[in-house]
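K.L.:
Just so we're aligned, residue 1 is where the sequence shown starts under this note's numbering, counting upward by one.
Derived from the structure by calculation, the hints contain no laboratory data.
All C-beta atoms, glycine included, are put in the ideal place defined by N, C-alpha and C.
Check each hint, because a few of them may be wrong.
Stated by the list, open to error - Computed list of lysine-lysine pairs in BS3-like fashion (alpha-carbon distance at most 27 Å, straight line):
id	residue 1	residue 2
1	LYS109	LYS128
2	LYS116	LYS85
3	LYS126	LYS85
4	LYS109	LYS126
5	LYS126	LYS116
6	LYS116	LYS128
7	LYS85	LYS50
Said to hold, decoys possible - Have a look at the derived ranges for each label pair, beta carbon to beta carbon:
id	residue 1	residue 2	range
8	SER98	GLY42	34 to 42 Å
9	ASP61	GLU112	23 to 31 Å
10	ASN51	ARG129	17 to 25 Å
11	ASP100	ASP68	21 to 29 Å
12	ASP121	GLU83	17 to 25 Å
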Amino acid sequence: MRCKKIITVISLVSLMSMLFLVGCKKEDTLFNGNDFRVGNWGDPLYLIEKNEGAMITLEGDSRLVYWDSFLGYDANVSYIFYEEKLSNGYFELESSQSTDIVYANVNIKLGEMYGKPIAEDENSTKYKRGNGYIYVSKAGLNCTVLMGQ
């Protein structure tokens with residue numbers, strides 16, 4: 001009888017632990033707490049230039065482009081500014097793999113981080129991320145990952 005009570009208590013503790021873990025939200029570590037790489041939405045252009053460590057390939061009034069990587073793929077990294085404040089950013093991924101394979105791999109990785117997509121169709125997937133979103137597209141020549149508010 002005592003053994004049965006111990007097993008019941010252990011089972012209840014295990015069940016409560018599992019429920020607690022399911023309820024815990026994973027911490028977003030994609031950009032160490034930032035909205036997009038080294039910046040947050042609304043940050044001024046000069047601050048991104050100051051903090052970004054990758055090689056710059058294009059500089060304009062409303063866009064900065066760097067060459068780096070994202071989720072294991074080489075990428076053009078674009079910061080987009082509206083009224084000189086960061087409004088969104090995107091990665092144009094380059095790979096010798098087909099766009100379909102890159103798209104699938106990116107969605108697997110993002111799904112592990114953010115769960116089930118909030119919308120998807122044949123060529124795109126959308127994930128909820130904090131107060132913003134991540135939009136993955138394979139409609140162009142390369143797989144593109146857009147992030148915004």
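K.L.:
Regarding the pair LYS116 and LYS128, is the alpha-carbon distance no greater than 27 Å?
P.N.:
Holds, at about 9 Å.
K.L.:
Per the hint of 34 to 42 Å, is the separation of the Cβ atoms of SER98 and GLY42 within bounds?
P.N.:
holds (37 Å)
K.L.:
Please test the hint of 17 to 25 Å on the beta carbon pair from ASP121 and GLU83.
P.N.:
For ASP121 and GLU83 the Cβ distance comes to about 32 Å; the hint is violated.
K.L.:
For the range 23 to 31 Å, tell me whether the beta carbons of ASP61 and GLU112 fit it or not.
P.N.:
violated (37 Å)
K.L.:
With 21 to 29 Å as the target window, see if ASP100 and ASP68 comply at their CB atoms.
P.N.:
Because 23 Å falls inside the window, the suggested range holds.
K.L.:
Could you grab the alpha-carbon distance between LYS126 and LYS85 and see if it respects the 27 Å cut-off?
P.N.:
holds (24 Å)
K.L.:
Is the Cα-Cα distance between LYS116 and LYS85 27 Å or less?
P.N.:
Violated, because 30 Å separates the two Cα atoms, which is more than 27 Å.
K.L.:
Between LYS109 and LYS126, is the straight-line Cα distance small enough, at 27 Å or below?
P.N.:
holds (13 Å)
K.L.:
Does LYS128 lie within 27 Å of LYS109 when you go C-alpha to C-alpha?
P.N.:
holds (14 Å)
K.L.:
The hint says 17 to 25 Å between ASN51 and ARG129; measuring C-beta to C-beta, is that right?
P.N.:
Once the Cβ atoms are compared, 20 Å apart, the range 17 to 25 Å for ARG129 and ASN51 holds.
K.L.:
Is the Cα-Cα distance between LYS126 and LYS116 27 Å or less?
P.N.:
holds (9 Å)
K.L.:
Under the criterion that the straight-line Cα-Cα distance not exceed 27 Å, is the pair LYS85, LYS50 satisfied?
P.N.:
holds (14 Å)
Checked against the numbered hints above, the structure breaks hints 2, 9 and 12 and satisfies the rest.
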